[in-house]
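Student: Residues per chain are reported as follows:
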Amino acid sequence: MTEIPLAYGLILGGILFALGLAGLLMRRNLLFILISIEIMLNGAGVAFVAAGSRWGQPDGQIMFLFILAAAAAEVSVGLALLLRFYRQHHTLDANRASEMRS
Amino acid sequence: MTMFLQSAFYVAAVIAIISTAMAITRTVAVHALLYLIVSLLAIGVVFYAMGAPLLAALEVIIYAGAIVVLFLFVVMMLNLGGEARQSERQWLSGKSWAGPIILSAILLAEVIYLIVRAQPAGGIGAMVGPREVGLALYGPYLIGVELASMLLLGAVVGASHLGRSAPGRTGAGT
Numbered sequence: 001m002t003e004i005p006l007a008y009g010l011i012l013g014g015i016l017f018a019l020g021l022a023g024l025l026m027r028r029n030l031l032f033i034l035i036s037i038e039i040m041l042n043g044a045g046v047a048f049v050a051a052g053s054r055w056g057q058p059d060g061q062i063m064f065l066f067i068l069a070a071a072a073a074e075v076s077v078g079l080a081l082l083l084r085f086y087r088q089h090h091t092l093d094a095n096r097a098s099e100m101r102s
Numbered sequence: 103m104t105m106f107l108q109s110a111f112y113v114a115a116v117i118a119i120i121s122t123a124m125a126i127t128r129t130v131a132v133h134a135l136l137y138l139i140v141s142l143l144a145i146g147v148v149f150y151a152m153g154a155p156l157l158a159a160l161e162v163i164i165y166a167g168a169i170v171v172l173f174l175f176v177v178m179m180l181n182l183g184g185e186a187r188q189s190e191r192q193w194l195s196g197k198s199w200a201g202p203i204i205l206s207a208i209l210l211a212e213v214i215y216l217i218v219r220a221q222p223a224g225g226i227g228a229m230v231g232p233r234e235v236g237l238a239l240y241g242p243y244l245i246g247v248e249l250a251s252m253l254l255l256g257a258v259v260g261a262s263h264l265g266r267s268a269p270g271r272t273g274a275g276t
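Sequence lines, in order, name chains U and W.
Going by this note's numbering, 98 is the number at position 98 of the first sequence; the sequence numbering is gapless.
Going by this note's numbering, 144 is the number at position 42 of the second sequence; the sequence numbering is gapless.
Please keep in mind that the hints were generated in silico from the structure rather than gathered at the bench.
In this text the structure is predicted, and so the values were computed from the model without any measurement.
Misleading hints may appear alongside valid ones.
Here are a few chain W residues that face chain U, going by a calculated C-beta distance under 10 Å [to be verified]: (1) Phe111; (2) Tyr112; (3) Val113; (4) Ala131; (5) Val235; (6) Ala257.
We put the CB at the ideal spot given by N, CA and C, even for glycine.
Only chain U is shown next, with the shape it has when bound in the complex:
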């Protein structure tokens, strides 16, 4: 019985993570930064599921469930911050967020 090699699953997770990292670094729009963070979390999840599936154990899938919960929490708080930022500055430019005073 031929199976998918474990290395391919890990490499797919690494590629997705690197794409998310590149997007995170090169975008200046806060919305795209949040999207890139989602992509990075997904890449980490793919690596977890691949490694868990290699041993036939549910632990990798459970780690992905926790990643899912963390991503949902992060997105809700991040989008609330983004809306607040847009209300104050009327832009989504991350460079405008360099000052702490409201």
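Starting from the known structure of chain U, fit chain W onto it as the hints suggest.
Tutor: Same frame as chain U, now just chain W:
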């Protein structure tokens, strides 16, 4: 069936990589979100091919169904027009993207080299159904479930607090 799942893995992995690359380079937020949905659905297929049908369903329901819809709501609330597209194109032009891409590519090459050199034995594709996942989730990982519930509660409180308009600030909207 195994052959089908194998080819499904490769096809879905290529689709996921291409659509993710498209998603991070779009200038319009809605286009990026649509490509992100394609990427998440492809990752769902990857999960199914890896033998995780529960996660394939959750990826579609929670990621593509709930989180991306949250993004779409925010994009609709912001109501960004053509000038946002212009400024986005201006930010993306020039050499500002070259540095991050080169650095990420170097890191990715290192990771791939390490993975290939280690030659991890064994293959993936062993089916682990929802029953095993549920039993482990509410058995040894019960404390993790409790902590995740507290994290989500904190996120709800934080989001509702941040989403409220500040009292006494002029022009704060509703």
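Student: Which numbered hints does this structure break?
Tutor: 3
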